[in-house]
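**Q** One letter stands for each residue in the lines below.
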Amino acid sequence: MGGHLNINHLLFLGHGALWTIGLSLIALGGGGVAGFVIALARVSSLKSVRLLSAIYVQLIQGTPLLVILFLGYFGLAAVGFQLSPLAAAGASLTLYVAAYLGEIWRGCIESVPKPQWEAAEGLALSRTQRMMKVILPQAIRIATPPTVGFMVQIIKNTSLASVVGFVELMRSGQIVNNSLFEPFAIYAIIAVVYFAMCYPISLYSQRLERRMGRGKFNLAPA
Amino acid sequence: MQQDIPSASIVSLRDVQKSFGSLKVLDGVSFTVERGEVLAIIGRSGSGKSTALRCIDRFERVDHGEIIVCGHRVDSPDVNLRALRQDVGIVFQSYNLFPHLTIEQNITLAPCSVKRMALSQAKDLARKVLAQVGLEEKLHAYPEQLSGGQQQRAAIARSLAMQPKVMLFDEVTSALDPELTVEVQKVIERLAADGMTMVMVTHEMGFAKSIADRIVFMHRGKVHETGPASILTSPTTPELAQFVGTADLKS
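First to last, the sequence lines map onto chains A and B.
Be aware that the first sequence starts at 1, since it is given in our numbering, and climbs by one per residue.
Be aware that the second sequence starts at 1, since it is given in our numbering, and climbs by one per residue.
You may find that some hints are simply not true.
[What the hints assert, rightly or not] Calculated cross-link-like contacts (lysine-lysine; reagent style PhoX-like; alpha-carbon spacing at most 20 angstroms):
1. K115(B) - K128(B)
2. K165(B) - K115(B)
3. K115(B) - K133(A)
4. K133(A) - K123(B)
5. K165(B) - K128(B)
6. K209(B) - K186(B)
Because the hints were derived from the structure by calculation, they are not lab data.
Remember, predicted model here, so these are calculated numbers, not experimental data.
Input sequences plus hints: build the corresponding full structure.
**A** See the structure below:
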């Protein structure tokens, strides 16, 4: 049944690949903003804020993304909040990415040497000024390679959105396979497309890491 | 509340105690620093001298005792830290310039952010304080492009730009080789000559002798001996005699 792989199938897969990229960007954008808030909360001077954000991170990191997706799509629907597959996938990935990026960035903020905080404190800068003008600019440099590296995880994890019926690359592969029954060929194509998206980002992350490793701060003179 | 402190004292510590865990680092430390005075705190590693200095700027909280700095009750839990730190400048052993900012930006950051100074005015100030430490030409350099001695001088300039009433120096030449040590010491000598009130923790006995109006020798968390710089040549306690002796042998 089904016939052979043709241009329409490939276009369909291409469309799915675009949604994989789209969903990745949604996850990175939403998770990035929320993750930034989490990172700041994790180093807050208020103990309750630190505790709440730590609980959030532990909860999300201790839960499979698949379960979060099921909760967001099937779970919420059962209690009366029917989300579209895109909204459910976007929200679940945002929650997931926020916890991981928040943790990565907390580490980056804390890896700025403590004397930098003290020097800023000694100059009478307020806590917000110390964070915005002294610590974050340095933390962002440290954070760039691991953040780019984490993008690869996000792209690969969007494939889980296929289970809630969101037609990204993986789901479009399943749909094509349902009509062609050539799982090896089709899933090999899917794998190659994922690899083609992820590998350049991995390479770029490694290059950033090497560049950062050479000198702590390679800034051109103003 | 405390009227018994002489009004001229810029810094005054009375019976200050501080423990880290079970280790008593400061065990009843008292001393005062008058306006325009240069006080050098000397002593072995672990004698509590750096901790005493850091208490003045409230980088360490004391367990007991009273610290008054430029009228601020530093030992009080509701001391205005930002007001205190506008009056007190501190320079560290490891310079701690901000690596992502040029020397000029390092210097203008606090005046612009804390004192709301206009940027153009702050830039003039940066040039002025850099001239004071002999580094005008490094205005647009980044810290990593400077030698250790130059970085430390830039850090002093950054502190000066806030026009502090007292400056604290925490072993500022300990990370420098002898040649660079001298260039930083010259800058500090010039500040002393200009009448800046200073408290410095130092291992350089020769420098302490030449610049300090008064010496505080700390030993086991206590002020063991204090007096004019001449106590370094004629110590009255065996501990100071031994410390000065071994310090001489080292240099």
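**Q** Hint by hint, say whether it matches the structure.
**A** So, going through the hints one by one against the coordinates:
1. Between K115(B) and K128(B), the direct Cα distance comes to roughly 17 angstroms. Compliance with the 20 angstroms bound is thereby established for this hinted pair.
2. The straight-line distance between the Cα atoms of K165(B) and K115(B) is roughly 15 angstroms, inside the 20 angstroms bound, and the hint therefore holds.
3. Restraint check for K115(B) and K133(A): the C-alpha separation of about 15 angstroms stays at or below 20 angstroms, so the hint holds.
4. A hinted pair counts as satisfied when its Cα atoms are at most 20 angstroms apart, and K133(A) with K123(B) qualifies at roughly 17 angstroms.
5. A distance of roughly 18 angstroms separates the Cα atoms of K165(B) and K128(B); the hinted pair therefore holds under the 20 angstroms criterion.
6. The hinted pair formed by K209(B) and K186(B) meets the criterion: a straight-line CA distance of about 14 angstroms does not exceed 20 angstroms.
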